[in-house]
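Q: Sequence:
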Amino acid sequence: MEVCLVPALRVFSSILVLCSFLASESVTAGSVQVNSLFEFASQWKTTGHGPKNLIDLLSGHPSSMIEVVGAAGGNFMMGRRDDGDDAQGYSDELPRHQVTLSAFQIGKYEVTNGQYAAVLNYALSKGYLKNSSGGAYGTGGRDVYHNGVLLINVDDSDDCQISFGSGVFAADSKEGISMANYPVVEVSWFGTIAFCNWLSEMEGRAASYNLTTQARTNPFGGGYRLPTEAEWEFAAAWGGSHKIYGTGSDTLTGKSSCNYTMDPGIVPDDCVNPSGFGSTPCLSPVGWFNGVNISPNGNVHTVDSRSPSGCYDMSGNAAEICEDWYLGNFYGTAQATQPNPVCTDPLSGFRVLRGGGWIDNKKQARTASRYFVNPEGAYGTVSHIGFRVVRSN
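Residue numbers (the numbering used here): -1 to 391.
Treat the hints with care, since some could be wrong.
Said to hold, decoys possible - So the derived label-pair ranges between C-beta atoms look like this:
no., residue 1, residue 2, range
1, Thr331, Ser164, 48 to 54 Å
2, Gly202, Asp153, 29 to 35 Å
3, Asn208, Asp343, 14 to 20 Å
What the hints assert, rightly or not - Capping the alpha-carbon separation at 30 Å, the derived lysine-lysine pairs in DSS-like fashion look like this:
no., residue 1, residue 2
4, Lys361, Lys172
5, Lys172, Lys253
6, Lys253, Lys361
For the record, the hints were derived by calculation from the structure and aren't laboratory data.
Fair warning: this is a prediction, and the values are worked out from it, not measured in the lab.
Quick reminder that beta carbons are idealized off the backbone N, C-alpha and C, glycines included.
Kindly generate the complete structure, drawing on both the sequences and the hints.
A: Okay, here's the thing in structure tokens:
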């Protein structure tokens, strides 16, 4: 008798995902702290961070590990305004130009340590992960590689909040706080696209990238991928008009709407740092600035700071890696005004960053601000840089 093992393997891989979320004594889901599998199953549906119910996960369809919001696309004006805080922006944010985008879906939140660890556990079970010497992962160092390229600096215990022990990746705790629901950092550009492909594979979606060439091969096939910087700016800024900050506002003052570094910029003293960490990185849980949360010391009372598209942390917390290669004069090229534009010219050697992080000032937190990062290697994994994902409709 022939036995089909695919459903069983799918359920097993989904259980691995679940276990990686539960590897700590407790899991932070949104503003809810859960301490048991029973609580996890009963409460996850309502937290907004994870599968809508446990059956989705165990049936092999963990499609809502990433909660997405719809972006209608269409025409919008990309680039900085000439008023308010945008007036003192940078030259690479000009000229302002019209862009046409197809509809897409974008992560409501930045990818978390818990989510990244879950996908690493899946990739480990498939034999995709290697150490720095190309050997099987789990021997040698703890930094994670695939095809000889670094994914994430797990060995950097001071900054990376994912660890590997007893054969499992799990989110760490920092100063007694579970980091499962904080944005993953210390991940390379290659580490973001590998996450996208493997999450797509877990959900039965088409891969968006060739991980050997690192080329984007199927951007509109429904699989997960990085946002282009045009898609990112649309989701962060556009709601009939262009908002200067990804908080749905044209102004940014005080500590209530995003996690950034205020003047004079002494880290960590002038970081918003709502968790009150005594050492860097001074990240906050994803979606924390929701109008409900108050910091443990009572110094930060949040306002609801969703972008016009409904995304959180589009300004501050972790700066976000985009698909595009960075070119300072890209907005002046013909490619910038084509439908669904993306810069494919690797001349600079850098990838685009958007949104600013906990260490950045308000000028970099603007929705029009563009800066960049080395896509791989030691200089491409930084404690204030993370990502979010999109998928095409």
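Q: All the hints need checking, so say for each whether the structure fits it.
A: Here is what the structure says about each hint:
no. : hint                        : in the structure
1   : Thr331 - Ser164: 48 to 54 Å : holds, 51 Å
2   : Gly202 - Asp153: 29 to 35 Å : holds, 33 Å
3   : Asn208 - Asp343: 14 to 20 Å : holds, 19 Å
4   : Lys361 - Lys172             : holds, 29 Å
5   : Lys172 - Lys253             : holds, 22 Å
6   : Lys253 - Lys361             : holds, 15 Å
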